[in-house]
Amino acid sequence: MSIFDLYADRSKHEDLANMFSYAAQQHEHGLVANFLEKDVWVAEILRLLYDEKLLGDCSVAFKGGTALSKCWSAIERFSEDIDLSIHWADLSGLSEDEELAAWKKSIQSKSQNKKFRDEQQKRLMRWSNDLVEKLNQRFSQYNIDGLSAELEPDSHGEKIDIHFPRVTHSSNDYQLDHILLEFGGRNRGKPTEIIDIDCYMDSIPDFASLALPTASVMAYQRDYILWEKLTALHQFSTQEKDPNPNRLARHWYDVDCLLNMEFADPLNTSEAMLAVIEMKKHRWASPGVNYEEILQGELKLIPKTKRLEGIAQDHAEAVSGGMFFTTPDPFDAIVTRLEAAQHNINAHIKASQK
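Using our numbering, read the sequence shown as starting at 40 and increasing by one per residue.
No wet-lab data here; the hints were simulated from the structure. Not one of these hints is a red herring.
No more than 27 Å apart at the CA atoms, straight line, and that leaves these computed lysine-lysine pairs for DSS-like:
id, residue 1, residue 2
1, K320, K229
2, K229, K144
3, K149, K161
Model the full assembly from the supplied sequences, consistent with the hints where possible.
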């Protein structure tokens, strides 16, 4: 029996809730019931997107925190959104032969860059609206009340909310009550590797007879993930306007985990570093942020004290909200390690230029 058959029968919802509660008691990391439930739906959405090919012909890279936890167990936290990057040239309908010329044209001037961004935004809106339609057509076959997809208003095609009937309830409001699909249409969707993922409940023997979703996803290559994460911290640390600290501390935690487990070597990934910086410099410019500084050995992973205080508070709220499988280190310990990493990376870059 599929777990989704139980969702289709409202009289089984109490049984489902008890099942998730029991699973939480049996889970090796003590992951709470509402996270286990949401994880089932995250896995199912990934299965629809990749295995049933609802993403279409574009190369779309699965990345972000959910990829880190589901594909590599690289972080000890529950990541609830699905971060996807559509390869910009595929979205533009370009062949590999046409891609380089189109890139050069789009960065010739500010006007060409703006033209590209405007056109790409329209393409993404059409693509996302089409995906919402595909998802809802597929959801109608589940016969589950409350299962739907909708494009977030004013998101310009970059956010799709997946709503599902929750049978578990949380004692805190840190977790989103839906699944958020976040898309980028100006970035790379390559290079990727195929990785099989499953549900956290799959590790519990008592549920061996219950059909739980699995998926084969196209995960972004490790080198590129690391440098996207490092450059994100550089952006948050140097941008003129203070970023909203809500749900932001996870990025520092993630980078700390990646560096500690040697997920990818920041000192030996220059190709990815250059590619990510070039892309962000032209496609994701932000006031106050100079990605070229990184190439001079001026990577900044830690913002100034006042900005850091809000991020530290967000980390504390994530801990109290049960977002982690195991209790993470205090935020100041994470910052200390990242300061050391920042020094080592910058020293290596400067030494390589001599």
